[in-house]
Amino acid sequence: QVQLQESGPGLVKPSETLSLTCSVSGVSVTSSSYYWAWIRQPPGKGLEWIGSISYRGNTYYSPSLKSRTTISADTSNNQVSLILTSVTSADTATFFCARYDTTLAGRYFDNWGRGTLVTVSS
Amino acid sequence: QAVVTQEPSLSVSPGGTVTLTCGLRSGSVSTSYYPSWYRQTPGQAPRTLIYNTNTRSSGVPDRFSGSILGNKAALTITGAQADDECDYYCVLYMGSGISVFGGGTKLTVL
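Line by line, the protein sequences give chains F and U.
Take 1 as the starting number for the first sequence in the working numbering and just add one per residue.
Take 1 as the starting number for the second sequence in the working numbering and just add one per residue.
Warning: the hint list may mix true and false statements.
[As the list claims (entries may be wrong)] Partial list, computed: chain F residues near chain U (C-beta under 10 angstroms):
| hint | residue |
| --- | --- |
| 1 | S7 |
| 2 | K13 |
| 3 | E48 |
| 4 | Y55 |
| 5 | S62 |
| 6 | D74 |
| 7 | T94 |
| 8 | W112 |
[Said to hold, decoys possible] Footprint (simulated), chain F over chain U, 3 or more residues, beta carbon under 8 angstroms:
| hint | segment |
| --- | --- |
| 9 | 12-22 |
| 10 | 51-62 |
| 11 | 88-94 |
| 12 | 97-109 |
To be clear, the hints were calculated from the coordinates, so they are not data collected in a lab.
Quick caveat, the model's predicted, so the values are computed rather than measured.
In this text, a Cβ means the ideal position worked out from N, Cα and C, and glycines have one as well.
Just chain F, with the same shape it has in the complex (with noise of 0.2 angstroms):
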């Protein structure tokens, strides 16, 4: 059974940086065909595709986030994490780390984390 669980600080200080990991079991990150994704829904609106980093190390990132983003994984400790650089109050939302099929059946978030809230303030 698949399982992703999101971890980290719940408190980011504005122009200071997010850092997010998200923990996976029952599944190696380095498993083919899959790729890991984050996701941001900030209180309220609608989810937000971060980036992706596929079982080969190659990384994706949204245009609008690419420049303050990076998606690393720690295949030891099978964990998936994010950074995110120079945050403001506009980047407080519920992170979620999903797994992104990409056999034959299509391209698809097959599996979530609960999710963690990330509040920016001071």
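Assemble the complex: chain F is given as a structure, and chain U must be docked to it using the hints.
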């Protein structure tokens, strides 16, 4: 203005049928965009409903179906139930590893 468009809100009567759509600000949605659909209740993570345009995710009842209607992807719910009331999101694969969410549709069952 969102690249991927959805109706902000829709309503359906219990037992009725409703179709939610997912379009592009410019251009037509085709199967090449691998449309997928998700539902989300408040405070919960999204749940996958449909992928690859019309494939139901495991455990999703056949009341939910996906298709391409005209120049948009569509999610049709038949026999609407009270617990279908939630937010629905589509995602399109734009190529080069990039996915884009629609703005979401808030469905009311009344």
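Evaluated hints:
1. S7: violated (15 angstroms)
2. K13: violated (26 angstroms)
3. E48: Interface hint status for E48(F): holds (6 angstroms vs cutoff 10 angstroms).
4. Y55: violated (12 angstroms)
5. S62: holds (7 angstroms)
6. D74: violated (20 angstroms)
7. T94: holds (9 angstroms)
8. W112: It holds, given that the least Cβ distance between W112(F) and chain U is near 4 angstroms, below 10 angstroms.
9. 12-22: violated (count 0)
10. 51-62: holds (count 5)
11. 88-94: Per the Cβ count (3), the hint holds.
12. 97-109: holds (count 8)
Of the numbered hints given earlier, the model fails hints 1, 2, 4, 6 and 9; all others are met.
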